[in-house]
Amino acid sequence: MSMSIEAKLGLDVFKIDKERHITIDTEKCRTVCTIKACLWVCPANLYEVDDQGNHTVNYEGCLECGTCLISCDHRALEWHYPRGEYGVQYRMG
Amino acid sequence: MEKVDCIIVGGGLAGLSAAYGLASEGLEVMVIERGDYSGAKNVTGGRLYLSPIRDIYPELWESAPFERPVVRELVTLMGDGADTTIELASQKFATPPHQSYTVLRARLDQWLADQVMEKGGMVITKNRVDELLLENGKVIGIRAGEDDIGADVTIIAEGVLGLLSSKAGLRSEPRPEDHAVGFKEIVELPPAVIQDRWHLNDGEGAAHLFMGSVTRGMLGGGFIYTNKDSISLGIVVGMEHLRRDGEKMDSWKLLDAFKEMPQIQPLIAGGTTVEYSAHAIYEGGIAKVPKLYGDGYLLVGDTAGLSLNALVTVRGMDFAIASGYYAARTVLDARQRGDFSAAGLAQYEQSLRSSFVLKDLETAREIPHTIENPRLFTHYPQAVSRLMQDVFTIGPQPAKKLSSVVIGGVRKDFLNLTTFKELLGMRKI
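For the record, the sequence lines run as chains A and B. Anchor point for the first sequence: position 40 equals 40 in my numbering, and the numbering is continuous, going up by one each time. Anchor point for the second sequence: position 156 equals 156 in my numbering, and the numbering is continuous, going up by one each time.
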């Protein structure tokens, strides 16, 4: 019954905007942040560090809970809701 | 600038409740919702306590799309290797009028939006409010895309993050120590299977909470709420704990670990997961509730910090609906006097204070920091289950007297200074 997180997100309806609603100030992640909580707090597991050591976020699968925003000590995230009619659309909620 | 009587930012339960109250009295009210429909961005555990709000809009609830009335309350204390479940089957809860119902937000909120529109209110979906418009400190309307729309009063029901209101300086930004994150799966199961597994009669529902090893010592727990033909299965965990201690495990893996526990597997066996969702939850209590009103605006629902986690009862939607109702009453009275200044809207806070909303939050004032204690999620569930296991054990050795097993267990795990001090702290809640 266990599913990968990607498979779980695959069950949801997303209307993906080409405009990103989360941008990361990766300089802050690299220089000031020590704990890097975004890598494990996100319930959709969207944050990663790429080969160059930059933090990235796969905003397309965002559940819009705001946990990353609230958990970031260094205000490294510019985070707003996706534009109207974009983003996750829960059918149950 | 185009102008209406009242703009409501956000078409969740708080905003729609306010809209219903205002539209019913003939006001020109415009709800702006960013989702494809009301409820598209909302998540509950969840259960709605109807008792406190039954007399608010009494004509509404008969037709509401509730899932099941909750007639059984279960709390499982999870230790390592043993857990103890307390199951309350109450005749009182099983007899109408039912005090609480399981709900799914996409269904409930869309239905309430329909009721608002039937009363003549406008619910505009697929539009995000980008900004609150202020003039000399007074909220005079909103900006959505290219459009500026003015209003006598703006009711801010934008949800728990409060992005617009904190940007406008009407409340502070959300802090991790005051919030939890909940995430859940909707698992479809046939109604008869749900009823068998939770010992329910046809149509009845259960709320099942799990405390202890499920969150690995972090503030929070697991939950199952039975819907009509599915269950809501999820985890709530305090953001500060998760941020500080969560490195041990990705948040989302807590739910998978929960599902794989041998005591959970038979409850969900054969089920099909059909949706995965997540939402932030305010748990800061009344001490951190922001100023609820000001010139030209009112804060309602989660934006106003009106939610309460009292461990075995978790509330928010009843507060949201009630705060929307009182916001509507306040606006109607302010309109009579033609005064939408802070002074003209002050009645809002007074009516919340004399209602169950702020009374219940006041009663629970000490809960947020009392339940911060990790021993509640580690030591106690473990100790209770160990004691119960000893009571029920027959081994190869001659048995001890029951009283000495109990007294021995209590002495070991409960009769100590730490527990005594914690008990004293508990008296405040």
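The set of hints was computed from the structure by calculation and includes no laboratory data. C-beta atoms are modelled at their ideal positions from N, C-alpha and C, and glycine is treated no differently. Careful: at least some of the hints might be erroneous.
[Said to hold, decoys possible] Each computed DSS-like pair below joins lysine-lysine, with the alpha-carbon atoms no more than 27 angstroms apart:
| no. | chain 1 | residue 1 | chain 2 | residue 2 |
| --- | --- | --- | --- | --- |
| 1 | A | Lys-36 | B | Lys-3 |
| 2 | A | Lys-28 | A | Lys-18 |
| 3 | A | Lys-36 | B | Lys-126 |
| 4 | A | Lys-36 | B | Lys-359 |
| 5 | B | Lys-288 | B | Lys-138 |
| 6 | B | Lys-248 | A | Lys-28 |
| 7 | A | Lys-18 | B | Lys-126 |
| 8 | A | Lys-28 | B | Lys-167 |
| 9 | B | Lys-92 | B | Lys-138 |
| 10 | A | Lys-18 | B | Lys-167 |
| 11 | B | Lys-248 | B | Lys-359 |
| 12 | B | Lys-126 | A | Lys-15 |
[As the list claims (entries may be wrong)] Covered by chain A, per the in silico footprint, the following chain B stretches (three or more residues, Cβ under 8 angstroms):
| no. | segment |
| --- | --- |
| 13 | 132-143 |
| 14 | 276-282 |
| 15 | 308-315 |
| 16 | 320-332 |
| 17 | 376-385 |
| 18 | 404-418 |
[Claimed, not checked] To be clear about the criterion: a stretch of chain A counts as covered by chain B if any three or more of its residues have a C-beta under 8 angstroms from a C-beta of chain B, and this derived list gives those stretches:
| no. | segment |
| --- | --- |
| 19 | 19-30 |
| 20 | 51-61 |
| 21 | 66-74 |
| 22 | 80-92 |
Structure-based check of each hint:
1. Between Lys-36/A and Lys-3/B the CA atoms are separated by roughly 45 angstroms; this puts the pair beyond 27 angstroms, and the hint is violated.
2. For the proposed pair Lys-28/A and Lys-18/A, the alpha carbon gap of about 25 angstroms is at most 27 angstroms, so the pair holds.
3. A C-alpha spacing of about 34 angstroms is found between Lys-36/A and Lys-126/B, which places the hinted pair above 27 angstroms, so the restraint is violated.
4. Of the pairs offered as hints, the one joining Lys-36/A and Lys-359/B is violated, with about 39 angstroms between alpha carbons and a cut-off of 27 angstroms exceeded.
5. Distance check on the hinted pair: Lys-288/B and Lys-138/B sit about 23 angstroms apart at the alpha-carbon level, within 27 angstroms; holds.
6. The suggested pairing of Lys-248/B with Lys-28/A holds, with an alpha-carbon distance near 23 angstroms, which does not exceed 27 angstroms.
7. Note on Lys-18/A and Lys-126/B: the hinted pairing holds, with a Cα-Cα distance of about 16 angstroms set against a maximum of 27 angstroms.
8. For the suggested pair Lys-28/A and Lys-167/B, the alpha carbons sit about 22 angstroms apart, so the restraint of at most 27 angstroms is met.
9. At roughly 48 angstroms between alpha-carbon atoms, Lys-92/B and Lys-138/B are farther apart than 27 angstroms, so this suggested pair is violated.
10. Straight-line distance between C-alpha atoms of Lys-18/A and Lys-167/B comes to about 25 angstroms, which keeps the hinted pair within the 27 angstroms bound.
11. Using a Cα cut-off of 27 angstroms, the hinted pair Lys-248/B and Lys-359/B is violated, with the two alpha carbons roughly 39 angstroms apart.
12. Under the criterion of a C-alpha separation no larger than 27 angstroms, the hint pairing Lys-126/B with Lys-15/A is consistent with the structure, at around 11 angstroms.
13. Proximity of the segment 132-143 of chain B to chain A, defined as three or more residues with a beta carbon under 8 angstroms from a beta carbon of that chain, is not established by the 0 residues found.
14. Residue count for the segment 276-282 of chain B with a Cβ under 8 angstroms from a Cβ of chain A: 5. That meets the three needed, and the coverage hint holds.
15. With 0 residues having a beta carbon nearer than 8 angstroms to a beta carbon of chain A, the segment 308-315 of chain B misses the requirement of three or more and the stated coverage is violated.
16. For the segment 320-332 of chain B, the stated coverage by chain A is violated: 0 residues have a C-beta nearer than 8 angstroms to a C-beta of that chain, whereas at least 3 were required.
17. Proximity of the segment 376-385 of chain B to chain A, defined as three or more residues with a beta carbon under 8 angstroms from a beta carbon of that chain, is not established by the 0 residues found.
18. Evaluation of the coverage hint for the segment 404-418 of chain B: breached, as 0 residues show C-beta separations to chain A shorter than 8 angstroms, against a requirement of three.
19. Closer than 8 angstroms: that is the beta-carbon criterion, and the segment 19-30 of chain A has 0 residues meeting it against chain B, so the requirement of 3 is violated.
20. With 0 residues having a beta carbon nearer than 8 angstroms to a beta carbon of chain B, the segment 51-61 of chain A misses the requirement of three or more and the stated coverage is violated.
21. Evaluation of the coverage hint for the segment 66-74 of chain A: fulfilled, as 5 residues show C-beta separations to chain B shorter than 8 angstroms, against a requirement of three.
22. Coverage of the segment 80-92 of chain A by chain B holds [criterion: at least 3 residues with CB-CB distance below 8 angstroms; count 12].
In summary, the structure is inconsistent with hints 1, 3, 4, 9, 11, 13, 15, 16, 17, 18, 19 and 20 from the numbered list given earlier, while agreeing with the others.
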